[in-house]
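Visitor: Spelled out from the first residue to the last, the chains are:
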Amino acid sequence: MSEDIVLKTTDLTKHYGGVHALEGANFELRKGEHVAIMGDNGAGKSTFVRQITGVEQRTRGTVVFDGTEVNFFGPIEARESGIETVFQTLALADHLDVPDNLFLGREKTKWNWLGPFRFLDYKAMRQDTLAALEKTGVKIPNIHNTIEKMSGGQRQCVAIARTASFHSKLTIMDEPTAALGVQETEQVENIIRQLKAQGEPLILVSHNMRQVFDLADRIVVFRRGRICANLDIKTGDYTGEDVVSYITGAKTGAEYEGAA
Amino acid sequence: MSDTSHGTGGLTFDKTKKSWPSELNVLLALIIIIVIFEVLGQVLPYMNDQSFLFDTKDRFDSIFNEARLKIIILQVAIIGIIALGVSQVIITGGIDLSSGPLVAATAMIAMSFGQTELVNGFANPKALFGAWAMDLPVVVPVVIGLSFGAFIGAINGTFVSYFKIPPFIATLGMFLICRGIALWWSSGNPISFPTAQFQAIGGGMMPVFWFLSLAVIFHIIMRYTVYGKHTYAIGSNEEAARMSGINVKRHKIMVYMIAAMLAAFAGIVLSAKASTAQAGMGEFYELFAIAMAVIGGISLSGGRGSIIGTVLGAMVLGVIRSGFTYIKLDGSYQLMAMGGIIIAAVILDQYRQRNKV
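Chain order of the listed sequences is A and B.
Counting from 1, position 24 in the first sequence corresponds to residue 24 in the numbering used here; the numbering is continuous, with no gaps.
Counting from 1, position 230 in the second sequence corresponds to residue 230 in the numbering used here; the numbering is continuous, with no gaps.
Quick caveat, the hints were computed from the structure, so don't treat them as lab data.
Computed from a predicted structure; not experimentally measured.
C-beta: ideal position from N, C-alpha, C; glycine also.
A portion of the hints provided could be inaccurate.
With a cut-off of at most 20 Å between alpha-carbon atoms, the simulated DMTMM-like pairs for lysine to aspartate or glutamate come out as follows [stated by the list, open to error]:
no., chain 1, residue 1, chain 2, residue 2
1, A, K135, A, E56
2, A, K123, A, D97
3, A, K234, A, E28
4, A, K149, B, D349
5, A, K169, A, E28
6, A, K149, B, E38
7, B, K328, B, E38
8, B, K273, B, D135
9, A, K8, A, E56
10, A, K149, B, E23
11, B, K249, A, E77
12, A, K169, A, D217
So these bits of chain A aren't anywhere near chain B, every CB distance computed over 12 Å [stated by the list, open to error]:
no., residue
13, V55
14, G74
15, G115
16, F119
Partner residues aside, some chain B positions facing chain A, computed with beta carbon under 8 Å [claimed, not checked]:
no., residue
17, S62
18, Y232
19, A233
20, N237
21, R354
Let the hints inform the model, and build the full structure from the sequences given.
Guide: The following block contains the structure:
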């Protein structure tokens, strides 16, 4: 059982001065599992994500990723060990095109003896970009357009394709469709289904109930900095109304009684 | 994959709309400016139907006025070498104001190791050091000059990236420091009479050779190497570059070092061409180099522009200077007009940004 676990946090806690943004979060993610994190604004969802990805340093608790206890000092370290994150603010270079952005910081190169002046393998990167877009089902009319010429949805798709095209051990998306239209949302959801089909685990932070029920295996609800429910929606008989009552505090999961 | 006719989210795209390289705008401006001077030569009463570009007096084998073409490119070549480096700094979103005084300081330092012992059988009257520094192989002054440039660039880059000092301020400080070094090095005296080898670096059309060769090399570097891609990425979105694992601080130091080494090399070429080094050399060079980059389409907000654009920008500036002389415009008007052109180029740059052309 424990070999199946990709990520496990124990007593994960974050205080900002006197504000207890996150308190004693025990969380597990198994291989190939897609878990949605829900909760009101300020419930601790994003704080939770920031502790795992090393954007912030936790106050207390342990994070075990891929079998070893980790303590990331920054998002780059987290990425190097296999956690890919799509942040709410997109990290794309506006003046560069799609392949450049997909491979930024990990370019395919040739003549590596030239050190910093080693040559870019544009052809290989273009092919891999087309393959990655194919794999994720993203349609972009011209991959050599610069990001600044693209719509918000296309940018989001590039950011997600970037995440999805590298074989990561864990993908985290923080409200990936919050600013998107209907069809653009659908594209992003297709990418998530692709990840599921490939057996890549995912943590999805979302406010969208329909989306969560469509995509996730399990919903973890945060309320006032604590986890208050862990709902297996694939086997258990839960409705959106149940989830709402957990989010608002009308109900609390049996194993979390007294927590919040 | 071949199906590119429809876009994301129901949006449709006109795939026939090719993006128009901004370098073509500069080329177009260059041609228009040449045509204007050509027309002025015919129209202005005191010009006696002279031609700006063409050989109307049969002085040369070709149809062009080769003498003027040579002067145009020779005039911009040395500042052009600086502009190649400044362009890279501006692409990262920075600026380098220290290059003009760095030209002077490097000229002084390099020349003092490139002097010849005997001038017409007499001891060199401008000798700075004793006999040990005389008639050294040419690599010695060149390596010393470039090392000095690298050192200054490393300081610029360190202040900008580690001490978070705005590039404008850091390089403005270095501007004064370098001018001070140039004056201090020989107590304000000119240093003259270089070895024949040293003189050859700047002899004849050599400055043009250096400018164009370096332009080709840096065009390839900026367009096809990791260094170039990261330079653009930092200027485009520094946070994204950092999140992508690019060592932004180290990269910026490298960019400032390369820019300063190019300015230092310009100083070596300039002193070799003039056969003398003076502390007042290179005045306004930093501003003209920035002007070349900006006219050539390098955006002052970073991330945009190319070396080809800078070379064309240098040509525009050279043609304008030569054209003003050709229509016998006084030097003071030339400065005013050039100032206006630089402002126009920046306005155009902002217009381009807003409209994302």
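Visitor: Indicate, hint by hint, whether the structure satisfies it.
Guide: Hints and how they fare:
1. K135/A x E56/A: Violated, because 32 Å separates the two Cα atoms, which is more than 20 Å.
2. K123/A x D97/A: holds, 14 Å
3. K234/A x E28/A: holds, 16 Å
4. K149/A x D349/B: holds, 17 Å
5. K169/A x E28/A: Holds, at roughly 14 Å.
6. K149/A x E38/B: It is violated: about 39 Å lies between the C-alpha atoms, which goes past 20 Å.
7. K328/B x E38/B: holds, 14 Å
8. K273/B x D135/B: With Cα atoms ~18 Å apart, K273/B and D135/B stay inside 20 Å; holds.
9. K8/A x E56/A: Answer holds: K8/A to E56/A is near 18 Å, not above 20 Å.
10. K149/A x E23/B: holds, 19 Å
11. K249/B x E77/A: holds, 17 Å
12. K169/A x D217/A: holds, 18 Å
13. V55: The claim is violated: V55/A sits with its nearest Cβ about 10 Å from chain B, within 12 Å.
14. G74: Violated, because the least Cβ-Cβ distance between G74/A and chain B comes to about 9 Å, which does not exceed 12 Å.
15. G115: For G115/A, whose nearest Cβ neighbour in chain B is about 9 Å away, the distance does not exceed 12 Å, so it is violated.
16. F119: violated, 5 Å
17. S62: violated, 38 Å
18. Y232: OK, holds: Y232/B within 8 Å of chain A, min 6 Å.
19. A233: Holds - the Cβ of A233/B comes within 8 Å of chain A, reaching about 5 Å at its closest.
20. N237: holds, 5 Å
21. R354: The hint is violated - R354/B has no Cβ within 8 Å of chain A, the shortest such distance being about 12 Å.
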